[in-house]
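Visitor: Under my numbering, the first residue of the sequence shown is numbered 166, with each subsequent residue one higher.
Quick caveat, the hints were computed from the structure, so don't treat them as lab data. Keep in mind that a hint or two might mislead.
Said to hold, decoys possible - Label pairs and their in silico Cβ distance ranges:
1. Asp-183 to Ser-449: 15 to 25 Å
2. Asn-242 to Glu-326: 22 to 32 Å
3. Thr-437 to Lys-346: 38 to 48 Å
4. Glu-189 to Thr-408: 20 to 30 Å
5. Leu-409 to Val-173: 31 to 41 Å
6. Leu-417 to Lys-346: 37 to 47 Å
7. Pro-387 to Leu-409: 18 to 28 Å
8. Ala-434 to Val-233: 20 to 30 Å
9. Gly-430 to Asp-234: 45 to 55 Å
10. Lys-346 to Leu-394: 20 to 30 Å
11. Asn-236 to Ser-449: 43 to 53 Å
12. Arg-461 to Gly-363: 24 to 34 Å
The beta carbon of each residue, even a glycine, is placed where N, CA and C say it ideally should be.
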Amino acid sequence: MAEASPSVAQVTSLFGNDILQLLERMRINSSRRFTNRAQGEHLTSKGGSSNEFADYRNYVEGDDVRYVDWNIFARLNRPYMKTYHHEEELHVVLLLDASQSMAFEGKLTLVRQLAAAFGIMGLLSGERVSCWCLNGGEGGVTQLAPGRGRGSMGTLLNFIEGVEPGGDMPIESGVEHCLRKHRGRGVAVLLSDFLTFGDVPRAMNSLFSKGLETLAVQVLGPTELDPDLTSDVRLVDCELGTTLDVTGIGSLIDLYHEYRLALEGRLVAACTSRGGRFLSLDASADLRWILADLLRRKGWVR
Numbered sequence: 166m167a168e169a170s171p172s173v174a175q176v177t178s179l180f181g182n183d184i185l186q187l188l189e190r191m192r193i194n195s196s197r198r199f200t201n202r203a204q205g206e207h208l209t210s211k212g213g214s215s216n217e218f219a220d221y222r223n224y225v226e227g228d229d230v231r232y233v234d235w236n237i238f239a240r241l242n243r244p245y246m247k248t249y250h251h252e253e254e255l256h257v258v259l260l261l262d263a264s265q266s267m268a269f270e271g272k273l274t275l276v277r278q279l280a281a282a283f284g285i286m287g288l289l290s291g292e293r294v295s296c297w298c299l300n301g302g303e304g305g306v307t308q309l310a311p312g313r314g315r316g317s318m319g320t321l322l323n324f325i326e327g328v329e330p331g332g333d334m335p336i337e338s339g340v341e342h343c344l345r346k347h348r349g350r351g352v353a354v355l356l357s358d359f360l361t362f363g364d365v366p367r368a369m370n371s372l373f374s375k376g377l378e379t380l381a382v383q384v385l386g387p388t389e390l391d392p393d394l395t396s397d398v399r400l401v402d403c404e405l406g407t408t409l410d411v412t413g414i415g416s417l418i419d420l421y422h423e424y425r426l427a428l429e430g431r432l433v434a435a436c437t438s439r440g441g442r443f444l445s446l447d448a449s450a451d452l453r454w455i456l457a458d459l460l461r462r463k464g465w466v467r
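Starting from the given sequences, assemble the full structure and let the hints guide the process.
Guide: This is how it looks when you write it as structure tokens:
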């Protein structure tokens, strides 16, 4: 009788080994010129005359004007940058919002999964990857020091697996705290529900000023995307403890959607105006679909 093959142990509790195998073949696709001098496997587009020409792109404030195509500027009166392929190191900075509002409807679960996915892609590309947990609880902001290569994957996964929700630190305050210590140019993957009264555009500007392209992912729960208010309810702010009594009548739901979409629009504008990218996700969305389909179609990964 043939012996049954032994089962393969799961590498992480965050997702199955099938997702890990998928990530082995994926890489972060940075569109900005923010890289470091050290050699890495990440293929990016950066101005330069000694490398293979890649494409043209719009000029973004802060770009090196030496790589503006002045012939096109003379014809169109708009600046376009010539970009070239380089293989340079990309510092991947993972910023996880773990405030108390992330504890509901699987939001923190998806945030941890996405942080691990982007981190693994960076590590397997030979990039430096650091991770920050932003919550403002008893532990405040916690950091995993930068690591590189497959050997750092276990440490990264253990750190992310240990992230728990708590505290009321606004996401923009957590970003500012991180940037006071961070060194290096590259990509910042910012994962949050962005449910804050604070100045998120200022945080986006700070990331840009530090040489970090922002990949911002908003994760909202199903009832935050489509609330069902058919009766009188009392809403409780899980971070501040304040309450609000509302009546589920009239145009309340329409007003809620109007404000939610307006917030999303402000986040998109704040992110893209600084050369970053923004995506809003339902916390119940399938992880494989996000990684293998959505992010590829959006050009975030390759």
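Visitor: Take the hints in turn and mark each one as holding or not.
Guide: Hints, verified against the model:
1. Asp-183 to Ser-449: 15 to 25 Å: The hinted range 15 to 25 Å holds for Asp-183 and Ser-449, with Cβ atoms some 19 Å apart.
2. Asn-242 to Glu-326: 22 to 32 Å: 53 Å, violated
3. Thr-437 to Lys-346: 38 to 48 Å: 27 Å, violated
4. Glu-189 to Thr-408: 20 to 30 Å: 48 Å, violated
5. Leu-409 to Val-173: 31 to 41 Å: 50 Å, violated
6. Leu-417 to Lys-346: 37 to 47 Å: 43 Å, holds
7. Pro-387 to Leu-409: 18 to 28 Å: 21 Å, holds
8. Ala-434 to Val-233: 20 to 30 Å: Once the Cβ atoms are compared, 24 Å apart, the range 20 to 30 Å for Val-233 and Ala-434 holds.
9. Gly-430 to Asp-234: 45 to 55 Å: 32 Å, violated
10. Lys-346 to Leu-394: 20 to 30 Å: 43 Å, violated
11. Asn-236 to Ser-449: 43 to 53 Å: 50 Å, holds
12. Arg-461 to Gly-363: 24 to 34 Å: Roughly 32 Å apart at Cβ, these two residues keep to the hinted range, so it holds.
In the structure shown, a violation is registered for the earlier hints numbered 2, 3, 4, 5, 9 and 10, in ascending order.
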